[in-house]
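S.K.: Given next are the chains, with one letter for each unit.
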Amino acid sequence: MAEEVDHKHKLYKLMSEQEAVSTFVHDGTSFTVGGFLINRESDCVFREIARQGQKDLKFIEESASPGVDMLIGTGQVVKFDTAYIMHRQVGGIVGMPNIERCLKEGNPRPVNMGGFMSTPDYKGNEQPLEIVDWTNFQVALRFVAAAMNVPFMPNRSSFGTDVPKYNKQIKFMKDPYTDQPIHLIPRCDLDVAFITVQKADRRGNGQVWGYEGCDVWKARAAKHVVLFAEKIVSTEEIYRHPAHTIIPAYCTDAVVYLPFSSLPFPVYGCHSSDGFITMDMLLSSQTRDSWKMWMDNWVFGCKNNAEFCGKIGWEVLERSVKSAHVLATIPD
Amino acid sequence: MAEEVDHKHKLYKLMSEQEAVSTFVHDGTSFTVGGFLINRESDCVFREIARQGQKDLKFIEESASPGVDMLIGTGQVVKFDTAYIMHRQVGGIVGMPNIERCLKEGNPRPVNMGGFMSTPDYKGNEQPLEIVDWTNFQVALRFVAAAMNVPFMPNRSSFGTDVPKYNKQIKFMKDPYTDQPIHLIPRCDLDVAFITVQKADRRGNGQVWGYEGCDVWKARAAKHVVLFAEKIVSTEEIYRHPAHTIIPAYCTDAVVYLPFSSLPFPVYGCHSSDGFITMDMLLSSQTRDSWKMWMDNWVFGCKNNAEFCGKIGWEVLERSVKSAHVLATIPD
Amino acid sequence: MADRKVTPEMMAEKEKWNQIYKVCCVASREFKDRNCVFGGVGISFLAVAIAKQVHAPNMILVAEAGYVGFTGVTSMGSPADNAGGFMAMCHQGLFDMFRDQQAGFMDQACLGLAQIDKFGNVGVSYVNPLIRMNGSGGGGDISSSAKSVTYVGEYNPRQFQAKVDYITNPGFLDGSKNARQKAGLVGEGPSAFVTDRGIFRFDPETHEMYLSDVFPWQDDKEIAEIVDAAPWDMKVAKDLKIIAPPSEDEANAVAMMDPLQGYRITQFMERPSAKYILMGRHDLIAYNYNAILVEESLRNNMKVMI
Amino acid sequence: MADRKVTPEMMAEKEKWNQIYKVCCVASREFKDRNCVFGGVGISFLAVAIAKQVHAPNMILVAEAGYVGFTGVTSMGSPADNAGGFMAMCHQGLFDMFRDQQAGFMDQACLGLAQIDKFGNVGVSYVNPLIRMNGSGGGGDISSSAKSVTYVGEYNPRQFQAKVDYITNPGFLDGSKNARQKAGLVGEGPSAFVTDRGIFRFDPETHEMYLSDVFPWQDDKEIAEIVDAAPWDMKVAKDLKIIAPPSEDEANAVAMMDPLQGYRITQFMERPSAKYILMGRHDLIAYNYNAILVEESLRNNMKVMI
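Protein chains in written order, with my numbering: chain L, 159 to 490; chain P, 159 to 490; chain C, 366 to 671; chain E, 366 to 671.
It cannot be assumed that every hint is accurate.
Listed below are several chain P residues computed to face chain C (Cβ distance under 8 Å; list not exhaustive) [as the list claims (entries may be wrong)]:
1. His165
2. Leu169
3. Met306
4. Asn363
5. Ser392
6. Ile396
7. Tyr397
8. Ala401
9. Pro406
Pairs of lysine-lysine, PhoX-like flavour, derived with a Cα cap of 20 Å [as the list claims (entries may be wrong)]:
10. L:Lys329 to P:Lys329
11. L:Lys480 to L:Lys461
12. C:Lys512 to P:Lys168
13. E:Lys379 to E:Lys397
14. L:Lys323 to C:Lys397
15. C:Lys397 to P:Lys166
No wet-lab data here; the hints were simulated from the structure. Owing to the predicted nature of the structure, the values given are computational and were not obtained by experimental measurement. Beta carbons are placed, not taken as given, at the ideal position from N, Cα and C, and that holds for glycine.
Input sequences plus hints: build the corresponding full structure.
M.R.: Here it is as structure tokens:
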């Protein structure tokens, strides 16, 4: 194994997307992405991990980015902690069709769904995908506890429900001060957080506009933090909006200059979503064969995010930027 | 007792400083101020409470505003939770002389200092002032726990020290996940937080520039929140810097338009400190008699904060504003 | 109830509105001005947004990703939709929103459901034997801690269960007195389930769900059918209320927030923009078609809002 | 040690610097470039700020009230001083700073002390029988969780105690192996106590404090005096190091951050601005006097910094 590099204490931290993924994602790595659900989430990471082929990955996110389904389809993810998947969509379309195929067909591997249901009659030898259910707040609290370097956070959600019944990591205790019931939510063990930000400098100060999601906490919870920056700015420009630096340089291991890293999903003040490519992906993914064709075309057929952008069409992206600017722009 | 008014659901929440203090501070009330130590803390509150005369007050702050010493001198405070007082100053000046007189003379009441020392040979009948020691982070965590509506927060400070030895509210436990030691810090029970902000609208959206201190948490921990605004702006102006709204309208009970509410202490981007009046107060306070004269002149001799400002001199304050603007201004 | 008559006018009104209008316009009336209201996604957001536009202009709309007090110029595709940032009082984070909710600042919330039992316990993650639903998301937290929760959804008798397969959202638990409080929950529980075939509420004493409001076109037979479909002895309110059909203002609010006709045309493939998708087109012309519709709508709405 | 000679030049150097220079300029050398460093208030902030200005320009200065990566154009009167906001990478809150420290992001810190024992356990709140000090503030947290802590202060034999009256800041506890880790502490403990009469460090095995560095003017007699004053058998480093006196650059850095001469003139009443205070003046002329000094200094420093 290579000598451990102290990335966080480097003065300048620029890397390419390929380098950032290969440096921080290995077989068995646990990771998350910033943003929430689809917005300002680093979708490019899922495509790059699919290309690089790391195995036995663990993914954790409050409401999961659809990208994780891609890595479940490639068989690269073996553990998935979440509160929500966009699974049931209008017109009977399945949002996470690879998860569905794990459940129904054990393909590419069987799934243990939160201890509540699992792939019936599975005869193969693949290790099951473990899905663990939480609420959004509880997943957030796992990041919060890790960010604070404490073993757990107290929480009042889910009393009387089946969530703590099937998720034994949620512990029940009587508060020693008042003897009232409280749930404990354990910290997560997180190797890498990939976070898309509107601005960053080379030192790794990441600035966000719009909602913050859990990025403040993810950036402290993860051993390594990679920023995908829509724009690289000077540290002097960072000084202009210091309250927007939700990720200070001391958290950051690498900065990747990568506009449109969230595509096909939107970034506040930068660009809109691409409903066409999203819908195409979703419809194509409904069968495993057509999903594989989609992957060959849009993922394996692109060397990097720029080629993915090129395939969508730069003129469409230019239009998408204009569209986002109707609602907001990011100040210099 | 008057009917409970639902201040938080009012559309517009403007009040005078007198009304805000008399509405939310009663005998026995627990309160805090925003900011940290001296900066952007609502010093006007201590003067107004001294004028109104509420009794048996409880005060909690990480590193305490010097103003609390005034209310200890008037005998109005009976409980004081803190991590720090600016007590030992250059040249043997005592920073909290009224606390010192409580300790040495039992005047105006004796003091129990964190269970470690107390007024010797006290013969009077006054209830002792209880001082409870914490660290800054622990006091902050008391606000955090209350803000989250949970009974405690886990913490790793103070293992092996005398802080948890004398403060029995800090509980030791073994983390049920790893069996490692952890401290529990109990939530605080807080009636009112008075917070100075650079901008607020009438609905109670409070915006802060510069450091945030614990104001995010205090505003959620307190049953009632009063904002002292350096500037009242329209809600449209609030929309321009939504990330600076660290106190959304739903937290706020009252908004007081009160420039210079922190005087003689500074507010980022608004005005500097007044070292002369601070030093005068400190030197005058070294004996009880001269402290009383100072109080008669600067506190009881002023009807409100505007008269206090007038006594300092508006031309001095204008100069103080210019001085602060060398470092920062608040954008429109 | 005996003297209620269903007129042809009522039946015409019934046909006039699709299920989304029937659910969302009616549910919007549950939300009060000046309240702080947690909107879900899709139709549960739409219901809240209609309220803000029609009768509750000072409602503080919150979305779990971190948007507070925004104008709702368009319906949100996700709780982190860029539109949530527009004319917002505060941008914060997801943890912050749930913290503030657990602290009791959220007065009301609107959510969808898959299964519900007699005491308002809800499941949204799993349906036996092998159906995975979306998962609780923030719903488990919201139903635990928001002061009150209004559920919305198209009526389906399968939603009403004697026992929810997997409870994600606590209702009144076993229905016993103070059951929620004893369990450690902060919020006061569900207040209504608004469907296109009536509103269900909870008895303040027994916490049992009953039918409390029906549309003017729902006759005794239909009411009996709904009540009989429930796996418990569902009661009907003695003073059963009649729901006013969607108003013109409410309908306008839906139209205003629906540039791509996602609510007005319920079948995905029948929406105008679907033709480009069906053609497999990803080009600028296709993209432009949707973008122009959305942007025009936003610009028009901004004029109204500002 | 035997062949060390104290020359008249050394004695002249000794007289040249007041105790603040001797402590802070020397302590500044403990702080490394690119490290994230938690500064205290007063001289413990000054020591860190000198480092940033002289040899560690890429140090990330943090102040507990919530300022990160600021330029330190002036020394901070409090951890929330307006100056902390100037050219800062990040403005956040106090909770955030301590969270980030407990998570291990703060490499070094600088603090003052009132009492210290053999194993570096420190008290800053109480001295028996009846002296109340300032209190731990953030010091208790910083000494618990920052990776390493440098203490600074004017030497006073009373600081060295067999038993600290009230321990606020954990050192190496009972000195046993991994005592801090076993207790649950995150940081690695104190690294040095820098005084105007030498630097004390901790043996990596026994964790006992020993005298490791002295100024060139400290002869064997003075060293013996210091060692004898400690209530334990204090050792002297075999390779006792000689401290270089404050450099011109370090002295300039102090001057740069000290427009009111609070560090250069240690007696409060001897400072220029004190005359107005002694006259009891609160008027514009008095205010202006200080304001102009501070502002001129800031403007000059900004030119250097930008």
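S.K.: For this structure, which hints from the list above don't hold up?
M.R.: 1, 5, 11, 13, 14
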